[in-house]
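*Asks:* Listed below, chain by chain, are the residues.
There are 2 protein chains.
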Amino acid sequence: MHEISQGLVQAANFSDDERAAVYKVIYNRRDVRDQFLPKQIDDNVLMRLLDAAHHAPSVGFMQPWNFITIRDVARKKQVHQAFSKANEEAKALFEDDRQALYASLKLEGILKAPINLCITCDRTRGGKIVLGRTHNRQMDIYSTVCAVQNLWLAARAEGIGVGWVSIYHDSDMRQILGIPDHIEIVAYLCLGYVEELFDVPELEKKGWRKRIPLQNLIFEEGWRGFNSGLPHLDREDVSTAIPSACD
Amino acid sequence: MHEISQGLVQAANFSDDERAAVYKVIYNRRDVRDQFLPKQIDDNVLMRLLDAAHHAPSVGFMQPWNFITIRDVARKKQVHQAFSKANEEAKALFEDDRQALYASLKLEGILKAPINLCITCDRTRGGKIVLGRTHNRQMDIYSTVCAVQNLWLAARAEGIGVGWVSIYHDSDMRQILGIPDHIEIVAYLCLGYVEELFDVPELEKKGWRKRIPLQNLIFEEGWRGFNSGLPHLDREDVSTAIPSACD
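First to last, the protein sequences are chains A and B.
Quick note on numbering: the first sequence equals residues 0 to 246 in numbering that gives the first Met the number 0.
Quick note on numbering: the second sequence equals residues 0 to 246 in numbering that gives the first Met the number 0.
There may be inaccurate statements among the hints.
A pair holds if it fits inside one copy or across any two, identical chains being indistinguishable in the list.
Once the Cα atoms are required to be at most 27 angstroms apart in a straight line, the calculated DSSO-like pairs of lysine-lysine come out as [to be verified]:
hint	residue 1	residue 2
1	Lys209	Lys23
2	Lys205	Lys127
3	Lys105	Lys127
Simulated from the structure, these hints should not be mistaken for laboratory data.
The task is simple: from the sequences and hints, build the whole structure.
*Replies:* Okay, structure coming up:
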């Protein structure tokens with residue numbers, strides 16, 4: 000062990016069991032639409048989830064996120080109405096068998112989940128010039144998505160399922176929640192305890208799409224080995240890995 | 000326990016120790032720039048990290064990500080050059096003391112980290128109409144960011160640090176890695192084993208910004224209690240929570 004310096008500390012070690020728990024939560028996380036139980040989520044538990052989100056990485060340590068909790072049934076109904084309108088539009092974009100399958104899917108748990116949570120990104124929080132955002136203006140949005148994923152994983156470890164609702168018009172949600180223009184709505188989540196989940200992602204279970212083999216998604220030294228000048232594995236073209244069910 | 004139905008299974012339970020491990024990895028994750036050790040990362044370990052990323056949520060189960068590994072020193076040097084050019088431009092955007100502080104920060108570990116990893120989003124993968132992306136065209140990008148965060152957390156549990164490099168011109172990275180136009184570059188990461196880390200985020204440690212109190216970031220039923228018609232906590236204005244050091 001070499002000398003600790005410059006305000007650094009020994010990095011926390013993870014035992015085999017701890018590492019296994021991290022993978023367990025990653026593999027057991029699901030996008031939940033219909034398995035929410037009515038059991039309430041205590042404020043202490045909710046705060047643990049929000050604190051997990053708050054400890055996501057953020058560009059320039061900007062912490063651009065806000066968290067809006069929604070428990071009021073009337074407001075949830077407004078959100079559900081916004082979803083329903085958009086979902087009808089979405090359904091019409093698919094054809095034939097895919098449209099029938101789409102229509103059969105439950106894609107949100109807005110009314111069933113005890114807590115809805117809107118996670119936003121305040122693009123003005125760090126001033127105009129933000130360290131690390133100078134050449135990629137989206138980095139603050141990406142930070143906020145990292146917060147979503149932290150919360151999602153923490154929730155699973157708490158026995159709480161999360162579903163991400165993305166089918167609504169931004170302007171509708173903005174009006175329902177009174178969100179000003181400089182604030183970007185990144186995620187609208189449904190949270191509730193779950194006892195049952197699908198053993199694989201619901202869209203896989205229901206025949207919408209298949210899991211792509213991981214090895215088809217990896218390249219070495221450049222896009223499909225572009226100009227690498229190095230030996231690289233001759234991988235199957237990724238387009239052939241996409242099942243025919245995916246239009 | 001009620002009856003399991005519709006292809007659902009009992010949701011995995013997490014023991015107190017397992018839940019603690021999940022929070023531990025969330026709280027101990029850091030953006031690493033300079034603490035990378037030269038120790039190589041075995042292919043098996045790398046594949047575990049990539050598989051964790053591959054099990055992120057994705058809109059419409061689109062799995063839009065690809066993973067490009069970079070180990071070649073000559074290519075890393077090209078990337079480092081692209082960073083350096085952009086970082087000079089970035090530095091010039093800050094003034095006076097902030098510029099001096101900016102210049103003192105090490106913001107990447109491109110050459111030091113044994114593996115660099117570019118994570119991309121193939122916006123065409125699911126066809127033109129993607130379930131869940133119909134009303135938010137960015138959802139595939141957000142899915143890819145979730146994959147980044149999964150990998151980041153899994154890496155920490157493996158003793159591996161990750162740093163996200165965002166200071167480069169997209170066109171430079173695109174050219175270096177041969178990335179086609181329909182593919183979005185989401186993250187360029189540096190990966191390597193670490194023994195030391197900062198006990199709080201490096202930018203906090205070095206006086207760039209402070210952690211915002213969580214309670215200042217939470218609203219109930221709408222932006223700052225907008226039109227809620229419900230009792231809500233009278234929270235401090237979030238703008239006052241931002242320390243003066245943040246310009």
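*Asks:* Which of the numbered hints are not met once you compare them with the structure shown?
*Replies:* none
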